[in-house]
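Visitor: Sequence lines, in order, name chains A and W. Be aware that the first sequence starts at 1, since it is given in our numbering, and climbs by one per residue. Be aware that the second sequence starts at 1001, since it is given in our numbering, and climbs by one per residue.
Calculated from the structure, these hints are not laboratory results. A few of these clues could be false.
[Said to hold, decoys possible] Listed next, the in silico DSS-like pairs over lysine-lysine satisfying Cα-Cα at most 30 Å (straight line): (1) A/Lys46 <-> W/Lys1019; (2) A/Lys46 <-> W/Lys1303; (3) A/Lys46 <-> W/Lys1158; (4) W/Lys1460 <-> A/Lys46; (5) W/Lys1467 <-> A/Lys46; (6) A/Lys46 <-> W/Lys1376; (7) W/Lys1018 <-> A/Lys46; (8) A/Lys46 <-> W/Lys1089; (9) A/Lys46 <-> W/Lys1371.
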Amino acid sequence: MLIIILTISISLLLALVFVGAFIWSARSGQYNDLVTPAHRMLIDDKKEKISGKNPEEDKYVDGK
Amino acid sequence: MSMENNQSRTVYDDDIVKKFIYAALIWGAAAFAVGLLAATQLAYWQANFNLEWLTFSRIRPLHTNAAIFAFGGNAIFAGIYHSSQRLLKTRLYSDSLSSIHFWGWQLIILAALITLPLGFSQSKEYAELEWPIDIAITVIWVIFAINFFGTIAVRRVKHLYVALWFYIATILTVAVLHVVNSIEIPVSYLQSYPVYAGVQDALVQWWYGHNAVAFFLTTPFLGLMYYYIPKAANRPIYSYRLSIVHFWSLVFIYIWAGPHHLLNSALPDWAQTLGMVFSIMLWAPSWGGMINGLLTLRGAWHKVRTDPIIKFLAVAVTFYGMSTFEGPLLSIKSVNSLAHYTDWIIGHVHGGTLGWNGFLTFGMIYYLVPKLWNTKLYSQRLANNHFWIGFFGILIYYISMWASGITQGLMWQSIDANGQLAYPDFVETVIKIVPLYYARAIGGSLFLIGFILMLINMWKTISLAPKGQDEQQVDMSNITMDEVAGTGHRKLESLGAVFTVLVFIAILVGSIIEIVPTLAIHKYLPDANKVRPYTPLEQAGRDIYVKEGCYTCHSQMIRKLDFDVIRYGEASKLEESMYDRPFQWGSKRTGPDLARVGGKYPDMWHYRHMIDPREITPKSIMPAYPWLDNKKLDYQILRRKLSVMKRLGVPYDDETVANADIIAEKESLELFNALLEQDPSLENIKDTQIIALISYLQSLGKK
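Pulled out of the complex, with its shape left as it was, chain A reads as follows (with noise of 0.2 Å):
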C-alpha cells in the first residue's frame, strides 16, 4: 500500500506547514491581543467618490 505512504506523507508534510504556519504566527504576536482584532474588522474604511469633483459630496456609507 504505497499509496498510503504517499498520501500520509503528503499529509504529514501540509501538517508540518500548518505547524510551521502556526509557530510563526505565534511567534509574530498575531495571538497576544484576542480582542481587538474582533473589534477593529468591524470598522469601515471612510468611502469616497473617485469621480466626484465636489468634495461635499464625499460620504460615509459604509456602517451608518
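Since the structure of chain A is already known, use the hints to place chain W on it.
Guide: Below, chain W alone, put in the same frame as chain A:
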C-alpha cells in the same frame, strides 16, 4: 499620523469583486437548473428528452462541478477578494493577476460545460474534468495564490484576522489536493488514465474528494462567515480565541477523514478505522465554528426577524451545524452500512451545499451588492420571500432524501426468516422511493424559484444604483498606525513568507512527480497473478463505461456485509480492481452493484437492456443508451491505450500492445456474430461501442 494621506490612501479593487458576483449569480442559476433537471430525471426518466448530452450520467457530474466550482468558486473568490482588501488595508496585489484569475476561471467553467455533456470525463467524483482542463485549473489556482499571498505581503496591517487564515488554508490545500489527484497520462487530447489504479486510485480520489468538501466548501466559507456575520450584525465575533482554536484543529484533523467514503469496502480495515476516528473527532472543531458563528448574533437576535441578510447567514450556520453533526454520524461504520450508496448521503450533501454554502453566499451577496454599488437593496420583501421559499425547498429536499435513503437502505438489508433477501429484486426498492424523487424535485424547484427572486432583486438593485461611483478609497486614519507595515524590511519579510509557500508548492509538485511513477507498479498483492488484465475490447468497453458516467448510479464494490454478499456475491477483493484506471467503485446505487454482473445475464440481455431498459425491467428508471449501437468503436487508439497501460505496469506483452486493434476487432466480431445469430436484424451493430461495453460488463467479476 492620519495626515500621511498620499502615502496611506489606497483604492480598493471592487471591480473584480463585482465581476465574481455576477459570475456566481449566472453560474448559480445554471448549476441549480441542471441539478433540477437531474433530479427530475430520477423521478421521470423521460426528462432527458432522449438526448445523449442530457442523459443523467453526463449531467450529474456537470451539476456537481457547476455547483461546487462555478457557483461556489466564484462566490468564494468574490468574498475573499472583497474581505481581504479590507482586512489587509491594501489593494489586491496585481490587477492583471486578478483579471487573469477571473477570465481563466470562467473559461475553465465553459470548458466543463462543453466537455462533460459530450462525455469527456474521468469519472472520478468532483475531478471529472479531463487533463487539459486539469492543467488550466492548476495554472489559474497558482495565479490566484500569487495574487492572494502577494496581497498579504504588501499588507498594511500586521495582524492577520482569522478569516485570512481560513483563506490561506484553502489556497494551499486545494492546490496540493488537485495536483496529487490529477496525475494522469494522456492517451488523446481529451482522454487520460490516472497513474493510480484500483484501491490506490480510490484512496487518492477520496482523500481529494473529502478534502474538496473540507477545503473548498468548508474552510473558505468559514472564512467568509468570520468576516460577513460580524459585519452584517455589526457585532464582534463571539470568541476570537475559539476561532483560532477551532481553525487549527480543523485543518489538522480534516485531512485524515477521507477513507470514511470507503467504509466496509475492500480497503484495509485499519485505514477505514483511521478515517472513521478522525471523522468523529471533527465534531468538535466543526461545532466550535458553528457555535462561534451563531453566538456572534447574541444581542442581535432581533435582526433575525427583520433583516434578510442575517436570516440567511444565521440559517446557513445552522445548516453547517447540522451537516457537520450528520457527517461524523454517517462515518460510523455501522451507520454507514445502512446509509452508504443511498440517498441519505445525497440529502446530507445538499444540507451542506444548499443550506450552508448556498445560504451563506446569498447572505453575503445581499450584503455586498448594495454596498458595492452604493445603493440600497431594491426589495427587502423579495429577499424575505427568497429566504422562506429557499428554506422550505431545502427542508423538503433534505427530508425526502432522508426518507428515501433510510427506506431503501433498510429494504436492501432486509432478510427474511429463511435467510433470503426480502426484496431480492433491486427495482422493487427503487419503485418504493420514486415518489420521494418527485418530492425532492419539488424541493429543488423551490430553491431555484427563490434564487430567481434573488436574481430579479439584484438586477433591479444594480440597475437602479447611481452611476459613476465605481471605486472607493480607504482612509488609513481608521487604523492604528503602529500596525502599518510600512518599512522596507517588513515587506521583505512578508515576501519571504510568500516565497516559502510558493517554493513549498514547487517542491511538493516536483517530488510527487518523482514518487508517483514508482507507485504505478503493483507490489502490494501477493496473489497478483490470479487476475488477468482486460482484453483490448474489454478495456475499450471500460472506457465507454467511464465516459458515459455509469458510476453515477452503479457501484462496483460488494461490501463485506452479509446483505451485500447475499445480493451480489462474494465481497469484492482488492486485486479485482488492480488494473482499473480509474477505479469505478462508485458511491451511489441508484441501480444495482455491477462488480459481479459478468456472466449473470446473456449478451443479448445486456444489448436489449442498454437500448431500452424497460424492455427488460418494466419499472426501471435507467435512461436508455440507444446511441451506443450506432457509434463506431475506435480500434486504432487501442494500441496507444494499451501501451500507456503497459507503461503504468499492466502486464501486457508487446505482441498484445502492437496488435491491440486487431485483437479487439476479432473479439468484437465474435460477440457480434453470436448476437446476430439470435437476432438477424442486428446486422448494423457490427463494430459499435455497445459490443465493447457488453464485453466489459461480461468480464466483471470473472477475472
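Visitor: For each hint, tell me whether it holds in the structure or not.
Guide: Results for each hint:
At roughly 23 Å between alpha-carbon atoms, lysine 46 of chain A and lysine 1019 of chain W fall within 30 Å of each other, so this suggested pair holds. Between the alpha carbons of lysine 46 of chain A and lysine 1303 of chain W the distance comes to roughly 25 Å, so the proposed pair stays at or under 30 Å and holds. Pair hint lysine 46 of chain A plus lysine 1158 of chain W holds up; C-alpha atoms about 20 Å apart against a cutoff of 30 Å. Between lysine 1460 of chain W and lysine 46 of chain A the CA atoms are separated by roughly 26 Å; this keeps the pair inside 30 Å, and the hint holds.
Only pairs whose Cα atoms come within 30 Å are accepted, and lysine 1467 of chain W paired with lysine 46 of chain A is accepted, the gap being roughly 19 Å. Annotation: proposed proximity of lysine 46 of chain A to lysine 1376 of chain W holds, straight-line Cα distance about 18 Å (limit 30 Å). Between lysine 1018 of chain W and lysine 46 of chain A the CA atoms are separated by roughly 19 Å; this keeps the pair inside 30 Å, and the hint holds. Restraint check: the Cα-Cα separation between lysine 46 of chain A and lysine 1089 of chain W comes to about 12 Å, which is no more than 30 Å; the hinted pair holds.
Simply put, lysine 46 of chain A and lysine 1371 of chain W have alpha-carbon atoms about 13 Å apart, close enough for the 30 Å limit, and the pair holds.
When the structure is compared with the earlier hints, no violation turns up for any of them.
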